[in-house]
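Engineer: Each chain, written out:
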Amino acid sequence: MQEFDVVVIGGGVSGLRAAIAAKRAGASVALISKSHPLRSNSGLAQGGINAPLGKDDSPESFAADTVAAGDGLCERSVVQSFAREAAKEVLWLEQAGVPFNRDQVGRIDRRRFGSNSRSRSCYTDDRTGHIVLTVLYEQFQRLEIPAFEEWFMTSLVADGGECAGALALGLRSGKLDSFAARAVILATGGFSRMYAPSTVSIGTTGDGQALAYLSGARLMDMEMVQFHPTVFPKGQGLLITEATLGSGAQIVNQQGAAIQTQSSSPRSKLCLSIAKAAQNGGAPVALDLKPIGKEKILSFFPQTHELLRSVAGLDCTKDLVPIYPVAHRPMGGIETKASGETSLAGLFAVGECACNGLNGAGRLAGNTLSEAVVFGKRVGEAAAAYAKSAVKKNFPAAKLAEEEKTLAALASGDSSQDSLRAVHAELGGLMNEKVGLIRDAGGLKQALDGIAQLNERYQKIKVRNTGRIYNYELTTHLEIGAMLILAEVVTRSAQARTESRGAHYRSDFPNPDEANWKSHTVAKLSQGSTQLEKKPVAN
Amino acid sequence: MQVTFKVYRKDPEKDGKPGRSNYTMDVPDGATVLESLFKIRDEMDPSLAFRCSCLRGHCGDCMVRVNGSSRLTCTAKVSAYTQKGPEIALDPLRNVPVIKDLVFDWDAFMWNKIRAVKPWLESADLPANGETLVPDAAMRDLRKVMSCYQCGMCDEGCTVLPVDFDFLGPAALTKAYRFVFDPRNQDKKERLKIVEKPKGIWDCVHCYEADEHCPRAIEPTKRIVALRDEAFRVGITNDKVARHHQSFAASVKESGWLDEGRLAVESEGLTNVKGLMKLLPTAAKALTRGKAPIPYMHTKRPDADKIKKIFEKAEQVEK
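As given, the protein sequences belong to chains A and B, one line each in that order.
Residues 143 to 681, numbered by this note's numbering, are exactly what the first sequence covers, in order.
Residues 35 to 353, numbered by this note's numbering, are exactly what the second sequence covers, in order.
Honestly, I wouldn't trust all of these hints.
To be verified - Here chain B is said to cover these stretches of chain A; the calculated rule only asks that three of the stretch's residues, wherever they fall, bring their Cβ under 8 Å from a Cβ of chain B: (1) 181-195; (2) 445-459.
What the hints assert, rightly or not - Quick list of in silico lysine-lysine cross-link-like pairs, DSS-like style, CA-CA up to 30 Å: (3) A:LYS197 x B:LYS178; (4) B:LYS73 x A:LYS602; (5) A:LYS604 x B:LYS256; (6) A:LYS479 x A:LYS438; (7) A:LYS230 x B:LYS152; (8) A:LYS438 x B:LYS256; (9) B:LYS51 x A:LYS602; (10) A:LYS547 x B:LYS222; (11) B:LYS73 x A:LYS547; (12) A:LYS376 x B:LYS256; (13) A:LYS604 x A:LYS587; (14) B:LYS44 x B:LYS152; (15) A:LYS317 x B:LYS178; (16) B:LYS178 x A:LYS230; (17) A:LYS432 x B:LYS178; (18) B:LYS111 x A:LYS438; (19) A:LYS460 x A:LYS197; (20) A:LYS376 x B:LYS118; (21) A:LYS547 x B:LYS152; (22) B:LYS111 x A:LYS376; (23) A:LYS317 x B:LYS223; (24) B:LYS178 x A:LYS460; (25) A:LYS317 x B:LYS227; (26) A:LYS604 x B:LYS222; (27) B:LYS152 x A:LYS436; (28) A:LYS317 x B:LYS287; (29) A:LYS460 x B:LYS152; (30) A:LYS604 x B:LYS40; (31) A:LYS230 x B:LYS222; (32) B:LYS178 x A:LYS438; (33) A:LYS604 x B:LYS44; (34) A:LYS376 x B:LYS178; (35) B:LYS51 x A:LYS604; (36) A:LYS436 x B:LYS111; (37) A:LYS376 x B:LYS40; (38) A:LYS436 x B:LYS178; (39) A:LYS541 x B:LYS48; (40) B:LYS118 x A:LYS432.
Keep in mind that the hints were calculated from the coordinates and are not lab data.
Just so you know, these numbers come straight off a predicted model, no measurement behind them.
The C-beta atom is built at its ideal place from N, Cα and C for all residues, glycine as well.
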């Protein structure tokens, strides 16, 4: 058994920042990550990281833009403190080694991005996530924090209403181990892989949210799933940063005529107008990057140019790039306070797996990375402080043997001829069609029935690979299980919200309902079934 | 189209011996190698192990050899590898310990070596105005180097690693470059001392294979050469290497070409008796095989004075 003050699950930007902060606060810390941290989904973020560093900018203006994008569901106090701290965190990243693009006088350059009213997205070409992740991992290594890389969390351990740690499977050793902790921080990322296509990496499967939910933590605003407007939708889906729009790219129809000039609209509005244009004309919508100019494309968007060539076979300095809105990042997640505390004592959550009310019903473009570092630091420190004051918990040693049995049971007995991949693909298609950009009561009902059927099929599929070392069939099985649990919560939450707001658009309730729905949806598991309640937005 | 994938196999939980499994399937137009691997694992052989993460060319995790060339399986289209026939061989990277099937030991191959160069910035506290002012040109070079997604292709192509697995290799040395040439870094010398040790920058044979292999045109060899120059510039280079360089340059400057006998002796050091003794067997062999003239005379080449002038001009420029 391993024992630490704070165990961080997830090696993306939030997790690394939290681990660094907790360690600096004096806690003994370990990081568990199912992939190598440098392979995590944070590395896919491109356009920028928001901070009000401009002379014409202020935390107040930044907060106002964040609240506007959140469309009525933001927790103002959370937004305000976030807007005040973002600049300091970006400067910390600069000091830690991020080679931000610079302006003429050598200050950190900023560009206009999405519905920000100011140029406030600091950036490193179009690889901001990759480089921020790299630098955080560098500083993480500097502190010599024990890292359990390629370890897959199989369970959270809760005892007497408190979180006492986690169980995880070492992919390389094939061994299951217990991680006792005074505080556990979940930084496990989003769940957009329940949609197909999506913009995310293979591991973005909501494992953290599902395990927290099963352990008694509550989930909030799960119906709010942000679609990204400018994605090459074939194959796995390739996101093209919205910063291209701010730099002059245009959304056009097949003839090359501009169909959407409001490049500063919130993502949800852009997505709907692209979907509408595609439906009306029946012709694909495209992104025209040519107005940016070849030289500028190659110097500011080198990765976009490279990946469009290798993934789509397109030269974006010459060709139009077909686009369609694709599932990107959820706003919803594990309900937390601004300190990251969840409804389960000793369990913290941060980043995309968490929901503290910062993003409301829609996330402002460029806020994902800022959120990850601002709250990563804050939650890391809060967890370290909690660990210092908390009494040592009893880690029920029997849990390890029970978990061994659970995993063995997944691999025993006859499997149906069905396939995990088919179940996952059908789930992705179903969610995209019925619980996607445009929803209605009939579709949501069909989605729930469909998820139930997929769940039945899933239960009959056994893990056929009996080996333990790098058994990706086993981890895939667990991930699909997590997504099926969360898909039901997302759909039920979408069903409950009989209005349209932010990323949640109901064609049968196309307007916001301020009188009844200025509330979060909160889901909790009660006697095996999902219970939903409203939680008013605090103002 | 029917394609047979011939996949390298090894199972540490069975006999641990390398083998190969063949999987034949219909591959749709435009399918990638990674999609085919998913299909194999899901429908044909759940025990097959391979890595991947981002699925679209961002992260470098799914690097394997496809018909002998290292490729990211997520962007490699099957149709690009079937022109000579409907068979595709999939193997782990060369010269790397394999754990299971296509999953190899990234730790031994690359991560541990990167860790050895102290891969983090040592920076001063925040200046009073809150941010370090630096010209974009200095940052642009670092951004280029940091666009590295650790795919390992440079190390895979390296010609030193197959004969000396302990060589730090181009990936780790390029990581070191990122700190040595970051104007915000406070301990450039210490970093140079790490990579200047045996198994570091002087072991590179500048074959330029790393540059050829790098999919992001980061030019690791060029970075290693820059580290060498910088080590010289700040005067912390290993004595023998410094003497070798000085002797090489002095010989060409004086005679127009290389005096190999002098180079060997001066590199060891004129007072280094032990080192000089080690040269004797080589010298004796060279003599008996007619590779060294007797008496040993090194003559100037024609127009040697012109070469000398080039040197003098270069020395002026350097000043």
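Engineer: Of all the hints given earlier, name the ones this structure violates by number, lowest first.
Structural biologist: Per hint list: 5, 6, 9, 10, 12, 14, 15, 19, 21, 23, 25, 26, 27, 28, 29 and 40 violated.
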